[in-house]
Every structure is written in structure tokens, then in C-alpha cells.
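Start from the sequences, fold in the hints, and give me the full structure.
So you can see what is in the structure, the chains are spelled out below.
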Amino acid sequence: MKNIIVCVKVVPKSDNIIFDPVNKRLDRTKAENQINAADKSAIETALRIRERVGGKITLLSMGPPFFEPFLKLGIAMGVDEAILLSDRNFGGADTFPTALVLATAIKKIGNVDLVLTGEESSDAGLGQVPSQIAEFLDFPQVLFASTTDISGGTLIARRSIKGGYEILESDLPAVVSVVLGAYQPRFPDFKKKKWADNNYKVKVWNGEDLQLSESVTGIKGSFTTVKRLVEIPQSSRKKIIIDGTPEEKSSKLVEILRKAK
Amino acid sequence: MTRKEIWVYIERNNSGVEDVSLEILGKGTELSNISGYILVGLIAGTPEKKLIDLVIEHGADRVALLKNEMLNEYSTDYFVNAISEYIKNDPPEVMLIGATQNGRDLAGRLAGRLKTGLTANAITLSIDREGMLLAGVPAYGGKILAEIGCEYGRPQMSTVRPGTFKMKEVKNKKGEVDEFIPNLSAIRQRVRIVERNVSEVNDLTRSERTIIGGNGTRGDLTLLKELAQLMNAEIGVTRPLADRGVAPRELQVGSTGYSLKSKIALVLGVSGSEHFTSGIRDCEEVIAIDVDEKSEIFNHCDYCMVGDIFEVLPLTIKKMEETR
Ligand SMILES: Cc1cc2nc3c(=O)[nH]c(=O)nc-3n(C[C@H](O)[C@H](O)[C@H](O)COP(=O)(O)OP(=O)(O)OC[C@H]3O[C@@H](n4cnc5c(N)ncnc54)[C@H](O)[C@@H]3O)c2cc1C
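If you're matching them up, the sequences are chains A and B in order. For what it's worth, my numbering labels the leading residue of the first sequence as 1, then goes sequentially. For what it's worth, my numbering labels the leading residue of the second sequence as 1, then goes sequentially.
In short, the hints are calculated from the structure, not lab data. Misleading hints may appear alongside valid ones.
What follows is a list of derived Cβ distance ranges for each label pair [said to hold, decoys possible]:
hint	chain 1	residue 1	chain 2	residue 2	range
1	A	E247	B	E48	52 to 60 Å
2	B	T323	A	A37	39 to 47 Å
3	A	E32	B	E322	47 to 55 Å
4	A	K162	B	K115	28 to 36 Å
5	B	I187	A	N206	51 to 59 Å
6	A	N206	B	T222	54 to 62 Å
7	A	D197	B	N33	36 to 44 Å
8	A	S236	B	F180	44 to 52 Å
9	A	T154	B	E321	39 to 47 Å
10	B	S126	A	D197	27 to 35 Å
Note that beta-carbon positions come from the ideal geometry of N, C-alpha and C, so glycine has one too.
So this is what it looks like as C-alpha cells:
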């Protein structure tokens with residue numbers, strides 16, 4: 001194997017995002033951040049593939065400078081290199097320019113056999129970036145893979161489908177999106193983490209490094225805009241509490257279930 | 001396009017067509033009535049006439065048929081090529097695709113090829129006065145609905161979450177069929193299916209009574225299945241159980257699974273993450289049992305029972321059997 005790229009995103013934990021219904025804005029300042037869970041499965045997939053067939057793993061992420069420590073976490077998990085694609089003009093991108101920036105960086109890295117991503121991010125959850133990266137690189141794509149392996153220069157992936165599973169084979173190079181829960185991601189190595197925090201320098205590429213003009217990145221390169229944010233009405237459920245001994249609770253439950261028939 | 005059109009991609013499967021495609025036609029009929037746009041069903045392959053009729057009966061004013069045997073089975077390379085070549089010179093205003101795995105596979109790549117905007121997993125759709133499609137997407141785990149519009153590029157694309165809209169039969173509907181034969185001989189199919197293993201599945205979105213197990217079941221669904229049999233209910237699970245293979249993926253409820261419209265849903269050992277609760281929002285009545293009285297699930301149910309399912313369920317099953 002030559003280069004394996006893993007595209008990751010840093011996302012806020014959704015539990016601590018606060019919606020301000022008056023200004024219709026999201027307050028993310030109190031939100032803790034993390035590497036998107038499915039992307040960690042993609043990192044784990046890459047590490048397993050490298051164990052079997054070798055290769056160099058590069059983490060790639062488009063985002064602001066505060067992503068850097070999270071990319072170092074990837075280094076501590078065992079990836080070889082981390083590159084942050086960061087430029088003020090990249091801000092406000094929808095999936096199209098995001099995928100364009102990532103694909104351009106992948107071309108710049110060169111000699112790539114495999115691009116792995118998470119199935120979707122937990123914040124926006126569109127899941128379109130992987131297929132658009134594939135389109136811009138003219139690579140084949142396999143989405144929602146639960147296992148991914150390389151055998152005899154071919155990619156073999158398994159994915160769940162309605163009622164069962166299918167096994168796909170694909171030419172290389174390819175783009176594969178990995179489902180959340182595909183593999184349990186390993187913990188970062190504590191010593192490596194310390195080393196990375198103090199000594200590893202994340203490579204940063206901006207629009208100029210990628211030779212991408214302002215007009216095709218960020219807001220300007222986006223086709224879609226968020227027109228409105230609306231709070232989804234919280235459920236108006238009755239919330240009737242059923243107390244008592246297990247005996248009493250089960251009687252009440254039977255009554256409710258019978259009534260519904 | 002002089003006539004403005006809404007195109008709905010009709011996803012075929014072994015039994016004919018994915019429900020979501022007909023559901024979108026149902027919503028599309030409504031959008032078409034409001035906007036005056038023509039509703040078109042896009043079918044690929046060489047389907048039986050029955051399928052074409054079905055699409056028209058569900059609201060399509062016209063069927064665009066991409067006729068080629070190579071399109072009878074989904075493949076990214078063939079489908080993206082055939083569809084983009086067909087519409088790139090005269091794209092419709094709107095193109096809607098069911099957010100199934102293959103639907104999402106197709107939509108992302110097609111939008112990349114056509115250089116247009118795409119929104120994913122919409123649960124609301126409308127067309128505003130300027131003719132802009134607004135697709136409502138739950139973000140941040142379902143707390144917020146972001147209404148997204150496509151400012152540049154045509155078609156304005158969106159995928160639509162299965163189980164969101166209702167299909168409607170339109171009596172005596174007539175529709176024309178336009179055929180086109182795409183030439184795919186030069187296209188290489190770079191991803192190939194080497195094995196497929198599927199069995200009959202229940203469609204959870206239609207389940208009237210559903211028992212849903214979460215991590216609190218410790219992955220043991222025996223009691224749930226017993227109770228399900230007694231109350232003639234279907235089983236559903238949270239994502240971690242589907243991830244671990246305790247139950248197949250199509251039994252997963254939630255934002256990346258199915259949305260239920262059950263009359264009654266019994267939710268057992270589920271913590272109530274927003275990714276999950278978005279899938280039970282449209283159930284008529286929800287009962288939850290959880291050992292943790294602070295479980296978020298209790299904010300999303302009509303009957304809240306703090307308790308151990310391994311204590312409550314055996315007693316419940318016994319009583320159901322006795323009073324059958
Ligand atoms: C992008 C993305 C998409 C996702 N999509 C989905 C989705 O579609 N569907 C989905 O479900 N999740 C989804 N998730 C995951 C979701 O965020 C939660 O992690 C998941 O729903 C938690 O499952 P759970 O409630 O079964 O498990 P847990 O959170 O572990 O909760 C288990 C509950 O069981 C209770 N319990 C334990 N023992 C007992 C007992 N003996 N009796 C009674 N109660 C007991 C506990 O108190 C707890 O409340 C998604 C996450 C991401 C990031």
C-alpha cells in the first residue's frame with residue numbers, strides 16, 4: 001500500500017449545544033469538542049489495514065486551528081501524519097467545497113491508494129462528503145462499510161443492507177466511508193500523546209498551498225445556505241409516572257398494553 | 001427547462017420499488033399543486049409496465065425512463081453517468097431521492113457531477129414563492145431543524161428520510177412516458193457485488209405496535225420477543241444493538257435508522273439520545289421503562305416507569321398469558 005488518507009472532522013458534543021430561540025442561533029461556546037465518532041472508526045480501520053498490508057496513514061481535516069490538538073490525538077492512536085487544511089476563506093463551506101478542498105489536498109499528497117472517512121458527522125450529518133471527494137478524484141466509492149480490507153490489490157468491503165449484508169469489491173484507489181461502530185477505536189497511547197502534544201507539529205495547508213481560489217471554497221464555493229433554524233418542538237408527551245412494586249407496575253403495564261389493542 | 005419540473009428518483013428493489021420513492025411522490029403531488037411544477041418519476045432499467053403504472057398512480061404526471069438493462073441493478077458508476085448525461089443540459093428545478101443507502105450514494109455523487117447543491121435526510125419539504133426548495137434537516141442530534149435552500153445550481157437536490165411522508169394513490173391518474181436509451185458501453189463498473197445475503201424483512205415504519213430494546217437489555221432480546229408475540233408487536237432496537245449485530249440494521253430506530261408511526265411503542269432500557277427519540281416522535285403512545293429515574297427517555301414518553309426490565313417483563317409476560 002502507498003498512502004492511506006483518513007478524513008476527519010472535529011464536532012461539538014450535541015448534548016451541550018444550546019439553541020437561542022430568540023436570535024435563532026446556536027451557542028456552541030459551552031460545547032465540548034471531539035473527533036466525530038464515525039471518523040474514529042475510520043482511523044481504526046486504517047490502522048488495521050496498515051497492520052496487514054503496510055502503508056502510510058495521513059489524517060486530513062479541514063477546519064480552524066483549534067482542531068490541531070484533536071489531530072494529535074490521532075497521532076497518539078498511531079497514524080503517521082496529520083495535515084490541517086485551514087484558511088479563513090474555507091469557513092462556512094457546505095459539502096461541495098469541503099469535499100473539493102479535501103480532494104485537492106489528497107491530490108497534492110499524491111500516490112494515494114485509499115481514502116477513508118466516517119459515514120457522516122454527528123453535527124450536520126449529511127454524509128455527502130465521501131461521495132463528493134470520490135467524484136472530484138474520479139475514484140470509485142463504497143459507502144457505509146462495516147469492514148474494509150485490501151487483498152491482492154483489490155478493496156473488499158462488507159456492508160449491512162436491508163435484511164442482510166453484501167460484500168463489495170472495488171478497484172483501487174477508492175474512497176470508503178466507514179459506519180459508526182464498525183470497529184471499536186483503540187485508545188490513544190499515553191506516551192505518544194505526550195510526545196505529540198510537545199513535539200509533533202501538525203502540517204497546515206491554506207488555500208494558496210492548495211492553489212484554490214477564494215471563489216471555489218467556503219461560503220463562496222457553496223451551493224446551499226441555511227435559510228432558517230427552527231427548534232424542533234419538544235414532545236408534548238403526557239409523562240405520567242407509574243410507581244409501585246414490580247408487581248403493581250407490571251399490572252399497570254398490562255392494562256396499558258391491552259387498552260392499545 | 002421551460003416547464004418547471006420536480007423529479008423523483010424511483011428506487012427499484014426486488015419487490016418492485018422502495019416505499020420511500022412513493023412517499024416522496026405523495027409529498028411531490030402536494031408541492032406540485034402549490035408550485036404548479038410538473039411531477040416526474042425517474043425510473044432506470046427495464047422495469048415491468050406495472051411499476052410505471054404504479055408511479056403514475058402515485059402522482060407522477062410523467063415518467064422519464066432510462067431504458068438499459070445495465071441499470072436494473074444499482075451501481076454508482078452506471079447510474080451517475082446515465083442520469084447526469086440525461087439531465088445535465090436541461091436540468092429540472094428539483095430532484096428528490098429517498099435517503100436509502102443507495103439513494104444517498106447516488107445523490108452525493110450526482111450533485112458533485114452536476115455541480116449543484118444537495119441536502120440530506122430531509123424531514124420537511126416546501127417550495128417558497130421564489131421557487132426555492134426548502135429542505136428541513138434535523139441537525140445536532142435532532143434538537144434543531146435547519147431549513148436549507150439551494151441558491152446556485154440546478155436541480156435543487158435533496159434526499160428524503162424514509163417513513164417521513166405518506167404515499168397517496170391518485171385515482172384515474174394519467175401520465176405520459178418518455179424513454180431514453182443511455183449508452184453505457186464505455187463506462188467501467190469499478191465497484192462490484194461479490195456476495196449478497198438477504199432475507200425477508202419486516203418494514204418497521206409500518207409497525208402498529210413496537211417494542212424497542214436498548215443497551216439496558218444487555219443485548220438479550222428473549223423477553224422482548226416473548227412479549228412481542230403476546231401483543232402481536234414488532235421488535236426494534238437502538239443503534240448500539242444494531243452495531244453489535246444483536247439485531248439487523250433495518251430494525252434500528254432513530255435518525256440513522258427508521259422513524260416509527262406506531263400506535264404504541266414500548267421502549268425498554270433506552271437512554272433517550274436525540275438520535276433515538278427522533279425516531280419515535282410520531283408514535284401515538286410511548287411507554288418507557290428504565291432503571292435510571294433521570295434517564296432522558298422519560299421526557300419523551302406518555303408513561304414513565306422507573307424499574308428493571310428484567311424484573312418487570314417476566315411479571316408482565318406472565319399476566320398477559322394468564323389473562324389472554
Ligand atoms: C451520527 C450518529 C447517528 C446515530 N443514530 C442513531 C440511531 O439512528 N438510533 C439510535 O438508537 N442511536 C443512534 N445514535 C447513537 C445515540 O447517540 C445513542 O448513543 C444510542 O441511542 C444509545 O443507545 P441506548 O439508549 O440503547 O444505550 P445507552 O445510552 O447505553 O442507554 C441504556 C439505558 O438502559 C438503562 N438500563 C440499563 N439496565 C437496565 C435495566 N436492567 N432495566 C431498565 N433499564 C436499564 C440505562 O439506565 C440507560 O438509560 C447515533 C449516534 C451518532 C453519532
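Quiz item: Where does the structure disagree with the numbered hints, that is, which hint numbers, in rising order?
Solution: When the structure is compared with the hints, numbers 5, 7, 9 and 10 turn out to be violated.
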